[in-house]
Each structure stands twice: as C-alpha cells, then as structure tokens.
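*Asks:* This is what each chain is made of:
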Amino acid sequence: MKPRQQRMLAVGLALLGIAIAAGLTFRAFDENMMFFVEISDVVAGEYPQERNFRIGGLVVEDSIAREEGSLAMTFRVTDMRCQVDVEYEGVLPDLFREGQGVVAHGRMGDDGVFIADKILAKHDENYMAPEVAESLAQHVDEKMQPLPDSSTECDSE
Amino acid sequence: MIPEIGHFALILALSLALCQGVLPLIGAHRNDPAMMSVARTTAYGQFVFVAISFGCLIWAFVQDDFSVLYVANHSQLSLPTGYKVSAAWSAHEGSLLMWIFILAAWTMAVARFNAGIPKVLIARVIGILGLLSVGFLLFALLTSNPFERLIPAALDGADLNPLLQDPGLAIHPPLLYIGYVGFSVAFAFAIAAMISGDLDQNWAKWTRPWTIVAWMFLTLGIALGSWWAYYELGWGGWWFWDAVENASFMPWLIGTALIHSLAVTERRGLFKSWTLLLSISAFSLSLLGTFLVRSGIIVSVHAFATDPTRGFFILGFLGVVVIGALVLYAWRAPGLDSSAGFSPLSRETFLLLNNVLLVVATTLVLMGTLAPLIVEMLNGGKISVGPPWFEVAFMVPMIPLVLLLGVGMHTAWRKQSTGPWIRLLRIPAIVAVLIGIVLPLFFYGRVSLLLIVGCAAAAWIVISSLIQPVRSWRRKKGSSAITRSALGMSVAHLGMGLFVIGVTIVSAFGIESDRAMRQGETLDVGGFEFELREIREVQGPNYAAIEAVVEIRRDSEFVATVRPQKRQYLVQKNWMTEAGIHPSWNKDLFVALGDQLGDGAWSVRIQYKPMIRFIWLGAFIMALGGLVSVTDRRYRKSAS
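Chains as they are written, first to last, in this note's numbering: chain L, 1 to 157; chain D, 158 to 797.
So here's chain D without its partners, still in its complex pose:
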C-alpha cells in the first residue's frame, strides 16, 4: 500500500509540475498576476507530493518491504537502520527520486525567498524549474520507477553494496546533488532573463546567492567523495580522474567561473552574455555528468548498472535543454551587452583571465573524459586516458590561475594605478617565494622547480587572502569594516591556498609501499617503524573480519596503533579493505591489509601522506567562504 501511495504521489507531482511549468510562463507573457501566482502554490504542492513519495520509499526500506524490487535489490534485514535509509539513494531509481526531491526543494526555496525580485521574473524562473521537473519526473515514471513490485516478495534482500555502508557515502550523494541541482536555479534565472530580454545588475545580485549556495554544496560533496575514496576504496588515493569524478568536477569548475563572472556583472554590468553562457554550461555539464554516470557508456568504477533506454532518455533531455537554451542564447544574448570599458590593469581583467583559465581547464577535463568515447566512435580502438595525462594537462591552466589569483584580489575595479599596487604586493610576493623554497627544503629536505612553484603559489594565495581581513581587524571600530562579501572571498581563497599546499606536498613527498609482512616483523617507511603485532579475527554486525594490529613507532617511541581490516560481508560475500589510518594535522600514516601470501606472510600497503588533510580542509574552508559571502548585507536586504 505504502509504495503505491508513493507512486501515486509522484504522478500527482508530475501533474502539478506541468501546471507549474506552463501557467506561470503564460502568465508572465500576458502579465496576468493571477496566472503568475500559480507558480508559488504549485511549487509548494509539488514539493509536498515529491516529499511524500520520497518518504514512502524510505519507509519501504526501513520496514524491509522486500515486495518492492528496488528495496529487495539494495537492502537486507541485518543492515543497520541508518544504512537502510541511505540505501534509498544508493542506486539509480532512488537517487533519481532524491534528485527530483532536491529540485522541488530548491524550487520551493525560490518561491519562498524572493522578496524584492519582480514577480514576472520569479514566475518565469519557477516556470522553467517546473519544466525541468517535468522532464525528471517523466524520466522516473517511465524508465526508473523505484516502487516497482516484486511478486512473490523476496524473503531477504540482496544487501547494500558494502562499499556504500559508510557514513561518508551516506551523505556524499545528497550534498553533491544539492550542488548539481542548485545550478538549475542559475540556469532558470538565465533563461528567464533571456525570455524577457532584460538583464541588469540587479539580476546578477538576485542570481548570485543561489549560485554560491549551490557551488558551496558541490564543493562539500566533491570533497567528501574524495575523502571517502581515500579511506574506503582502501588504497589511499584522493583523486583518480575517473570519468564520474570528472563529471562532478566539470560543473564545479564552470560554477566557480560563473561565481566570478557574476561578480563582474553585478558590480559593473559587464560580461552579461558570458555569464548567461556559463549558467547554461554549468547546468548542462551537471546533466552530462548524470548521463555519463547512468547510461554506462563510460568505463568507471562508479558506473550504475546500465540500461540503454535510460541513456537515450537523458541524452534526449540533455539535447532539448542544451539546444533550446543555446538557440535562445543566440537569439537574445547579442542585444544584452553593455559597452562600458575597463583598463587592462583592473579587477575586470583578472576576473576575465580567471574565467578563461577555468574554462580551459574544464575543456581539458572534458576532452580527456570523452576521448575514449570519441576514439571508439571513429573506430580508433578502445583507449583509456591515464591519470598522469590529467595531472599534466590540468596543471597547465592551474599554475597561472593560482599565481594571478593573489594579484587579482588586490586590484581595483575599472582601473588600478601601478604604484600603490606594486608597493602593496612586493613584500608578500618576496615572502611567498622564500616560503616556497624554505618550506620543502627545511621540512622535507628536497626541492625542485615544481615544488617551489607549488609552495610559493600556495603561500602567495594564503598571504594575499589574509591582507584585507587582517587590515580590517586591526583598524579601529567605526571606520569602514570589510564587507561579508569581501571576507567570504578572502576565506574561500585562503581555502584554495591550503588546498594547493596539501596537493603539492602530498604529491611530492607521499610514500606508498607494497610489502610482504609477517607477524612480529617491522618495516621502515618514511622514517616510521611499522610493526605487525598480531593478526586476529573479529566479528562485526553484518560482517566477519580479519584484523591486523600494527604498532607505529618513531625512533623507538610509540606513535599509534592502527587496526586495518579485511571484511567479508555475510550476504554478498564480498571482501572489503578497511584501512587503518593514523591521522594528524600534518600527515597521515596509512596501513591497508592485502592478502595472505602463504608462509605466514600478508601483503600490506603502507603509506606516508604528508599534509593530505589540507586538501579536504582547504575544500571545506572554500565552502565556508561561500557561506560567509551569501550572508552579505545586500543579499539580506533584498530578502527582507
């Protein structure tokens, strides 16, 4: 009964979404307030029914209703309740329903928090979000109904993939989707502006907070996914340039460009058509990512089980959205741009460079991701592009980007005069270069050109991010304080600097060592002694495990004991590696247990990962910067 209610609620949501997608748009065209006001009520109504539907699915999981096919395939009686809930979005059908739920939630938020924005614009935005929702609801109902029955019901489920039985992965997809789907709000604002042909600086002010919030969640989602891959996939990498990772990274890169471009549009009324194009691209890349993940055309460890009809549906949807948006763009955008100029040495120039470099980076990632597909279509054989290529290619635009970032922050809008600019930046620049040489040499005993560039760039970003907040803090009360918006920018850039330090140090000085090890044996890795004290069997709630007890010492002094495990989950019989990690702020010591090699020996992977925590810390601080900047007074003012 409950699953049928869920299914029915989803159909009702579709009919409301149709109303939401059609009536307000007509109303906005005819300037009919009654029809426009439908937007708000249908948005609320649609959210309620989607929420009921999503709730029913979770209920079916918690109640172990194995007469529902999707539940029977992805849950199991002895699964801890928390994971029964997260199992709801562990595979295609449920995660699509979650996507729809999040879209409905964003739409409701737009319908609720829009004070100060013209009714016509809001009606159009909500209408377009409604049309997107129609597409996704049709996709769910026609190809991917999560409520499909299994008759006769299964006695027990096939269990949740053990890799997904982890708190990090339970919240990674929701965060990621809030980010992905959030870009549909920026997209809807862009389409609405193009329909009306009216795009001013206020439009950018209204769009910006939504975009920043979406970007913030996407940042957190990607960082969490990277962290999960690090400890749960068992082998200690933090980014693999896998097609699906790239699929989430490309919207992030374009979203980052969009935030910066919106800043120019808001402050100076420039880059209008460019901002529109980025809004369209960010959302289109989110859809492309969905297509890559769910159609199974690309080889990936993350790929969902495949079904060609689903692939065709998303491809069709992607085509309609992208072609529709681009046609509208070609028609409307040329009339929008203003002719205000700016000097070559100005904030505008640096933001333009930021955008160019981020778009180049996105293009490179896109090329590398799609290359296997394109080569195969041209009958060039089945190729794959290795992570080393992405690492080299990505660095090409990233090095100038991080170097220019510190300068751009301290450059005035319109025109910057050279004298004060050089006076302000020369000391930080010298300090940054010195740090770039001293940091690797003094702490890690080795230095190379790339290391100097990486460390100096990171130090440069950190120092230049701190200049403004520190000045404002030292200034007495009463004088003009730093705005939240500027503070948010500084914080986000500081996070970027910490991230660059982490990446540079861990790629240069990280050690990975695969070894054979016997009980009582001690190995030396990265100046630490790892002693295998004991191998024993332990029992978990739904798995049995072999656990190694490894004591870590430095110069014979005790540092930590880690307990890496090999788990065998009782239902799926899969083996899973659970790494033993001793984390600290400036390094991780990582031990993963491999196989029994015979003769009492086990294979182990021991890793020394200096500064790796800075990668996730940096990402977290970037997201924090986004949060600070959306609390800026001018956004709150327009909301109250």
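Okay, chain L solo, but in the shape it has when bound:
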C-alpha cells in the first residue's frame, strides 16, 4: 500500500472505532438512565413501564414488616399525599428508619407493589435528597402536616 492509502485506512479504522464506541456509550446511557417518579404519579399509574425508576419519600410509621428471620421485608413510602408499598430483600442502609427520608431504585410489580433492588437513605441527619424534599414540599406545610386539600386526591386511600 502507498503511504496515502495507509493513512486513509488508519483514519477509516479510527472513525469506525469512534463510531462503535459512541454507539455503545449512548446505548448504555439509555439503559442506565433512571427517572425519578413522584409517588402520587406512581399511584396514578404514570410511571415508566418495563424499566427501572426511582421513587422517594418518607417511610410511613409502623409500616415496616418483615418475615421473621429472613431478609425479605415490606414497608410503605409516602409523599404526604399518596402511599406505595415497597418490597425489598437485602441489607438496609444505616439511616433507614420509619419517618425518615428514603430513595428506592426498582420497578413496579404486577400487584401495585414497588420491588426495590436498592435502598438509599441519607448519610447526614440534616440532608435530604433535593428531589425528595421537593416532592414532599408540594404536599405539606412547614410543620410536616399534609395540606388539607391534598389527602383527598389520592386514588389509593
């Protein structure tokens, strides 16, 4: 091959490599992108089908139930308007507690239960994930009481 052809070949191969790499990167991006969905929307059925998403809110008091001696557990999460049941099997983060903020990654099961594969709780007493705080702020007043008109709108109650 002449040097000119060699150069063309090298450039062609490089472009092909870049194209494949870019394709892989974008596909992986689509697969790993997760939406945050408010619990009220989850209850209303407005969530991504057939793919993972995140929910967040407060763990409802007295809602944690577990099978004795097993890792499987259920609890409810609320955005102070609607509630959704969450199922999880695994070790919980240190700051997971009733009445505290939590974010769960997972997907919706057939029976309206959110099946979490990952639970995140905040690392700091005073810190709450901004999206959770924002979601809660829409439905509560400053003293963390549900707004009077919001509790009636939820279908599940």
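All the given hints hold, so there is nothing to weed out.
Which chain L residues stay away from chain D? Per the calculated CB distances, all over 12 Å, these:
#1 Gly12
#2 Val43
#3 Ala44
#4 Gly45
#5 Gln49
#6 Glu50
#7 Glu61
#8 Asp62
#9 Ser63
#10 Arg76
#11 Thr78
#12 Asp85
#13 Gly112
#14 Val113
#15 Val140
#16 Cys154
If the Cβ cut is set under 10 Å, some of the chain L residues that face chain D in the computed set are:
#17 Arg7
#18 Ala21
#19 Ala22
#20 Arg66
#21 Ser70
#22 Arg97
Rather than coming from a laboratory, the hints here were simulated on the basis of the structure.
Just so you know, these numbers come straight off a predicted model, no measurement behind them.
Backbone N, C-alpha and C fix where the C-beta goes; we use that ideal spot for every residue, glycine too.
Starting from the structure of chain L, add chain D where the hints point.
*Replies:* Just chain D now, with coordinates in the frame of chain L:
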C-alpha cells in the same frame, strides 16, 4: 476574643491579597523591580495571616468554644481531641478556610522556590495567585464566615457526623485540597505566559514540577477517599461514580493529561497552546467540582448543606475565571505554537493519543455527571445516571489508553525506526497475553475476553515499565544511568498496571452476599466458612455498639476472627456500620452487620474481594512515581 482575632486576620489577609494581586502585575507590566518585589513579601504576609486565622478556628474547636456557631454545629465535648481538630474542616466554612490556607501555602512555596525563573514571570504568577486568593477570601468573608458567633452560646455541640470520625477522613480533605489548589499554580503559570506572550521550553520545565506535586497529592487524596468509602460507608464498594467523586476525578484525569503534554512541551517545544488549555481546564474543573459539592444542585451522598447564595458566588467566580482565561487564550495562544514536526511513529504521537483519550474520558465523566442537571433544565424530568453507564463508557477510552501506554514508553522522540522497536516489544507482548490468559484461569478458574484484555493490559504495563529500570540496574556503574524523571515515569506506570490488575480481578471475581444469620450458624462464601460465634454489646468513648464475632475458616482451618460493629453515637443517635475486614495482599474478607431480623437472626453482608488492595497500592505507587520524578536533577539544578 480568639474567634474575632481569626476573623480580623482573615480581613487583613484579604487586603494583603489585594496588594499581591494588583501591584506585582502592574510592576511586571512596567518592568518596575520595586513593585514586582512586593509579590514575595505580600505572599508571605498573606500566608501568616491566613495561618493565624486557621489556627484560631482550630483553637476554638480544641477549646470547645460553643459560642462559635460553626464549632457548636460540628463538635462536641466528648469528641476525641484529634477529631476536634479535623472537625475544623468537616463542613463548608472551615473547609473553605482550609482551601484558602493551602492556596496561601502554595503561593508562599512559589515565592520561596523560584531560583532561575525570571522575576517578571514569578511576579505575574504570584499576582494571579493573589487574585484567586482575593476571590476565595471574599467568598469566605461574605457568605461563609466560620467565626460567626452563637449568642447565647450552646452548652454542648451537635457533634461531628460519625461518618467523619475516622483517621482516613481526617486527612483525606487536606490531601485532596493540596491537589485541587495545586492546579491553581499551573493555571497561574499558564495565564502569566499568555500575558507575556512568551512561552518556551523553560516555561514547561518550571511549571512541570509544581503540576506533578499537585497531581501527586490529588492521587493520594482520591485513593484515600476511595479506601475510606470502602471500609467506612460500610458496604464494600471502592468507587461509586457519585457526582462528588467525579468532581475530584475529572481534574485528576485532565491533570494527568497535562503532565504528559507538559513533557512534550518541555522536551520538544510542541503542544504549547494545548498545554495552556489543559492548565486552564484542570483548575476550572477543580472549581466546577467545588461548585457542585457546595451548591447542592447535584444529588450526592457527599453534598454539603446547601445555600443558594454560595452556589451563585462560586458560579460567578467560575465564570470570571473560565471566561477570562479563555478570552486571553483565544487572543494569545495562536501566536505561540512552533512548527516543529514529528513522525507518525514517535513518542509525540503516543503522548498525543494519551491526551486525546484522557480528554475523551473526562468528557464522558462530565457528561454523565451533568446529564441529570441538563435534562432537568430542559424539563425532561428528574433522571439519574447509574454507575453501570460510567463503567461501560469509561472503559471505551481506557482500554486503548492502557494498551498504548506500554508501547509509548519505549518509543523515541521525533522518529522511531520500526525494526528495533518490534524486536524490543514482541517478547513482552507475548508474555503479557499469556499472563492475561493464565492468571485468571489458573488462580480463579474462569476466563473471558474482557478478563484477558484487562489482565494482559495490566501485565503489559507492568512488564514494559520494568524494562528500563531493570536494564539500567544491570548495567555496570559509569555508563549512563536512568534519569530520575524516567524512573519516576516507570514507577508511576507500574502503579497504573497494579491498579488495572486490582480493578479487573475484583470486578470479575469479587463476591457480595447478603444473608440472614443466627448465632452458631456457618455460611460459605467464596470458599471460606464464616461462623457467627457471638453477638455482644461493647462500649466506645462516645458510642455504644453491638459487635458480632465472626470466625473465618478455610477447609476447617482457622483464618481469622473479624468483629463487625453497629455503632450508635451518643449525641446524634445515628447508627453506623463498622465493617469487620480481614485484609491480606491478595484478598479481603469483609463482614458487615446489618439489622436484627427477629427470631435471633441478623442480616449480614459477606464479601470476598480478591486483589482489592492493588487498587490503592497502585494509586500509592503512581503518586510515588510523581515524587521520584520531581527529584530529577534538572529541577533541582534550577532550584539551587
């Protein structure tokens, strides 16, 4: 009284920084030696006052002065004294003061160790560092004064977040900041060169050691943070692609590119404008990182408590610095480049590829980090990008990078002839591929394409890093020995090879297992037996804990006993997991205690992490390589 002295010292430091930022620059412009000599004295003076201020803050912590709001929020009477000191930089205000202190220390170092460098250049560098310091001091004084009083004083403090009560985390921020802030020296050198329009190979020689030292500290800081996350966050990962981790990683990637690009500028006088652009980028990314961490706009476990005015201030500062630097760049850089050429097969080509791949990697990390922000601004909903994406995307530029690394080291400047090059590299290449197949198959019993690539690449880097030092060692005395600079490069690359081995093996063969466990029960994970012998209560200085005693055996032979704990800190009432780890050079056995499940059972996470120590060992050796290379004779010569 002491806090007011600290506050006052900070204001005095600001006025000195103003002098330092204005007079030497004017002096350099007019070529007035008297005005330029102000640089040195003001740099020293500013350091003294910042040091007094930082000292006062630490003093307030050690003395439990809860009439200072920041102390009351982040300390507590029964906190061990060592942690009272480190609590000073545990949150926004104090860590900003530490940032300023480190900037003043770097400036003083530049003012002290600059023999051989033209006075005009040094005056400009110190002047620019002074202007940066003005920005940070204003930020501290206007939005984040750590000395603000709390009246009436609190009887006791709210305690330091228990996660931060750890020796690793006490020294992680200082190391990281020395690295971050160190890039401001490279930045100042770049701006100074652009102001004068004069950039030669000597400029690169003067800039390089500062950049390498900053990079070295950043490497150590990131590695230490990763190690802390591994044992202290409790769940055994070593890198989470969290926004704040990425914020420290991007300057590191660009800093690495900068070191390599500076090598070309120093040796061959090429890549000048590119080197300038990287110097600007490294520091800008450090600032961007600060903005992301402190403004709270990005969801992260590391995020500081948020305050929008602070976010605006840093964003404004970032804008001034980046836009100012880029305008100057657009104006001055085109005139700088020299036209010397190089052959396609030369060290220059490989270093160019290194730079392209590192910049691509940085761009990918930046995209993934900012994607949630951008999508939300476009009303596309609230998204997050999971670690699997970063893992895939990052591998795309990294695989060619590590493969080319071993070749590039043995390629001559200007032009390499093909024959000797192939003769030298073919045996190491074959050996590396064989190791890539045999290592996973023989020790771990499984092999895949990705594993072969990872292990072969690691072996390839290790072998090719060793060629030069081993040859130089076997050669008799008197013949030309390897330079410190070349040795440092070999050592740093060796560290990179060890790091790649660690990452490859632990991601392929690491085992994580969440289980329910009762007293006396034995579980089998990764060929080891874990027996839960006992659950008991223990008492620490400022916490109470539940401790599990877990005996680890292999084929019924005793290996180790680990004692994972769940601690409850007495003041904040938070629960904290303290993992029980049995470390050894080729694997970690890791047990973390979860919750009580009822019926006498506890949840536990058991992990088998082969070769994970190589990740941090590799990073440490990389930093060591940096240290070796800055002791090269040509840097010492210019310093004496």
